[in-house]
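K.L.:
Those sequence lines, one after another, are chains L, V, P and F. For the first sequence, our numbering begins at 8 and goes up steadily by one. For the second sequence, our numbering begins at 8 and goes up steadily by one. For the third sequence, our numbering begins at 8 and goes up steadily by one. For the fourth sequence, our numbering begins at 8 and goes up steadily by one.
Certain hints may be false.
With the Cβ distance kept under 8 angstroms, some of the chain P side facing chain F (calculated, not the full set) [said to hold, decoys possible]:
#1 G34
#2 G109
#3 D117
#4 R183
25 angstroms max Cα-Cα, derived BS3-like pairs, lysine-lysine [claimed, not checked]:
#5 F:K145 - P:K168
#6 P:K35 - F:K49
#7 L:K49 - P:K35
#8 L:K35 - F:K49
#9 L:K168 - V:K145
#10 V:K49 - F:K49
#11 L:K35 - V:K35
#12 L:K49 - P:K49
#13 F:K49 - V:K35
#14 P:K49 - F:K35
#15 L:K49 - L:K35
#16 V:K35 - L:K49
#17 L:K49 - F:K35
#18 V:K168 - L:K145
#19 F:K145 - F:K79
Reference listing, derived: stretches of chain V covered by chain L, where coverage requires no fewer than 3 residues with Cβ under 8 angstroms from a Cβ of chain L [what the hints assert, rightly or not]:
#20 28-37
#21 106-114
#22 124-132
#23 148-158
#24 161-169
#25 177-183
No lab work stands behind these hints: they were computed from the structure. Note that the Cβ used here is the ideal one computed from N, Cα and C, for glycine as well.
4 protein chains.
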Amino acid sequence: MARTRSEDARQRILDAALRRARAEGYGKLTIDAIAAEAGVGKQTVYRWWRSRAEVVLEALRENARTIPWDEKGNLEADLRAFLRATFRYASGKESTAPVLRGLMAEAQLDPAFLPHFRVFIEERRQILRQLLLRYASKASEVTVDMIFGAMWYRMLVGHGKLDVRFADTLALLAARQVLCPDRSETLCSKR
Amino acid sequence: MARTRSEDARQRILDAALRRARAEGYGKLTIDAIAAEAGVGKQTVYRWWRSRAEVVLEALRENARTIPWDEKGNLEADLRAFLRATFRYASGKESTAPVLRGLMAEAQLDPAFLPHFRVFIEERRQILRQLLLRYASKASEVTVDMIFGAMWYRMLVGHGKLDVRFADTLALLAARQVLCPDRSETLCSKR
Amino acid sequence: MARTRSEDARQRILDAALRRARAEGYGKLTIDAIAAEAGVGKQTVYRWWRSRAEVVLEALRENARTIPWDEKGNLEADLRAFLRATFRYASGKESTAPVLRGLMAEAQLDPAFLPHFRVFIEERRQILRQLLLRYASKASEVTVDMIFGAMWYRMLVGHGKLDVRFADTLALLAARQVLCPDRSETLCSKR
Amino acid sequence: MARTRSEDARQRILDAALRRARAEGYGKLTIDAIAAEAGVGKQTVYRWWRSRAEVVLEALRENARTIPWDEKGNLEADLRAFLRATFRYASGKESTAPVLRGLMAEAQLDPAFLPHFRVFIEERRQILRQLLLRYASKASEVTVDMIFGAMWYRMLVGHGKLDVRFADTLALLAARQVLCPDRSETLCSKR
DNA sequence: AGCTAACCGAGACGGTACGTCCCGTCTTGCA
DNA sequence: TGCAAGACGGGACGTACCGTCTCGGTTAGCT
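All chains should be built: construct the whole structure from the sequences, respecting the hints.
P.N.:
This is the structure in structure tokens:
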């Protein structure tokens, strides 16, 4: 019965949010600035999103092209391709990594945002989980944690780059972990 | 010639900061509140620290008892002990995890804080690195990333607990990864 | 062309406006609230009136029963009756005074409303003017100003009540002023 | 012990408030604009005043030069002089009248402001009351209401000017009313 | 033993962003 | 096809904290 939501305003808000988050850093992003840049009243932002984090998350989702990678026929190669593509997406010239870091930060500071962020994270986990399942009878959640954990850890702490070398090493170690005979470690003694 | 720094004020500030960070969440922590709770002027906080994050980091360092763990004689067991102890520290009744999450968040939003936090992180990495070096001729940085990465990832996203089961699985997989013969994965074909 | 509903909506709007103005005070009255309470779209309010003030003014006019008073045969008595009736209207249980105060306020803040309000005021002046003309060859506009001025002044500032005593004193003084020989004051010397 | 209130900021706020109230009309005055023009944070305004009305009232008090008038030796002449001076103050080139009208309006819309405004009004009443007491054994509060009431009524409704003619007529009628023998009106019959 | 400079608690300051309220206009879909 | 419903762009509100500054009072440690 009432006027319907303006898809135009929605797009302008999402665009403005992502543009400014990339330009000035997520930390400097403000709702005021998003609304101003989108040419929108602040209320129109608050009507549909609860916080800058939710706006940016939705913008990112909208924006995120599915990352494609070639299937190579063995676990390590596939992982390598997947991680290379993923890292390229994060570190590319559109620099998504800083935005992701901002969202992860917000998820820590704003309890209301964490569940939304968790859903986003789970979507990515699912992709990796299915990749692993092609080669292992059952994928360990912990393996997923280790792969994505390593990626996020580097991205957040910044002690190492998300480059091809890291992708390849990660792929190698993860594959070795998955495919290794279960008790091989018992053969090893302390040096 | 001049009056010297008040050690008493310093302690009260650190205590107040950690107490309130634990009580109300790091996100709700403000310098005003720290100063008020410590019975201290705001200037006294700003005279010695640059931000709430630095106060809390120092408080955490002061507070952190070194985590001891028994040495078991093989990599997996040692890792298991180390991780169990670490998780117990984070998730224990003093709930340090939320504070750590807050600091990680701040490191993303405040570029000036990131280097300080990175030092803190590096200290922990060094401990784990040396543990690994007891069993492997050279420890892969990526293995460290995967272990701590998995831990932080779970802590930050909250999709799984930092419990004994997780510690044990992580230890198992990490050990397997380290000790597995290098090319074992080539034996595996796609399912 | 379905104007059938219009008159109904008009009445509901006027009723809602006056009801809420009396209930919560004119200052808290909003167009949104009027429309909601009337079960009407905001546009329907704006179609017929320019502001909340015009709605309330019209509601008041609609509502205002002509104040009757007995004619007594001399100026003071007539004034007394007129003022008693007027004050009773303003201060009565329906408490019109607060609404009148609100309209006077709006007339100060909204230049577009002032002319409308002035017409309303002039209507009341005309009644008093004609009362005076029954006893004086020509009624002084200033006398009207003094009588209604005193009333409004008390109503607005609230330093005294609009009670019977005030009505009577006002009637006495006004009558004295009107009927007094013109130069009587020259006989008086400073005390 | 703490930093003391800045007299400089206080003056800048009062000046800015009065300047803008006069320039753009009291109705268009905003706290934001006052703070901006004064070069002050909004909080500094709110720390010392509750609303724009209180700021403007204080500014007016600070600014109001005592209105002097010559004493003439009889009531009518004195009143004439007093009212002429008062009207000149209100209607003069600094146009205080619009500001006074704004304050009167605010007193109607903001219950918290009314008491403050009443004090201001009472101060003016006291001056007039004492003028009357020079010529009458006891000054009627109602006479004061009628004189100031007439002035405010004209100022607010704007149906007539606050000019010399009005001042003189008001003085004449008020004097007549005060000095007239009490029962003179009984001599008059209805026309 | 007294000076004096730096520190102390307190909190006012100029400022930014918040999230809310309401304005007056515009748009939709139902009756 | 007129109207209720309510989304829209906009502007001001009053609040919360930021990081800096000023205040009077308190100590140390050098003369």
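K.L.:
If a hint holds in the structure, say so; if it doesn't, say that too.
P.N.:
Hints and how they fare:
no. : hint            : in the structure
1   : G34             : 4 angstroms, holds
2   : G109            : 6 angstroms, holds
3   : D117            : 7 angstroms, holds
4   : R183            : 5 angstroms, holds
5   : F:K145 - P:K168 : 20 angstroms, holds
6   : P:K35 - F:K49   : 24 angstroms, holds
7   : L:K49 - P:K35   : 23 angstroms, holds
8   : L:K35 - F:K49   : 22 angstroms, holds
9   : L:K168 - V:K145 : 20 angstroms, holds
10  : V:K49 - F:K49   : 21 angstroms, holds
11  : L:K35 - V:K35   : 18 angstroms, holds
12  : L:K49 - P:K49   : 21 angstroms, holds
13  : F:K49 - V:K35   : 23 angstroms, holds
14  : P:K49 - F:K35   : 24 angstroms, holds
15  : L:K49 - L:K35   : 17 angstroms, holds
16  : V:K35 - L:K49   : 24 angstroms, holds
17  : L:K49 - F:K35   : 22 angstroms, holds
18  : V:K168 - L:K145 : 20 angstroms, holds
19  : F:K145 - F:K79  : 20 angstroms, holds
20  : 28-37           : holds (count 3)
21  : 106-114         : holds (count 6)
22  : 124-132         : holds (count 5)
23  : 148-158         : holds (count 10)
24  : 161-169         : holds (count 6)
25  : 177-183         : holds (count 6)
In the structure shown, no violation is registered for any of the earlier numbered hints.
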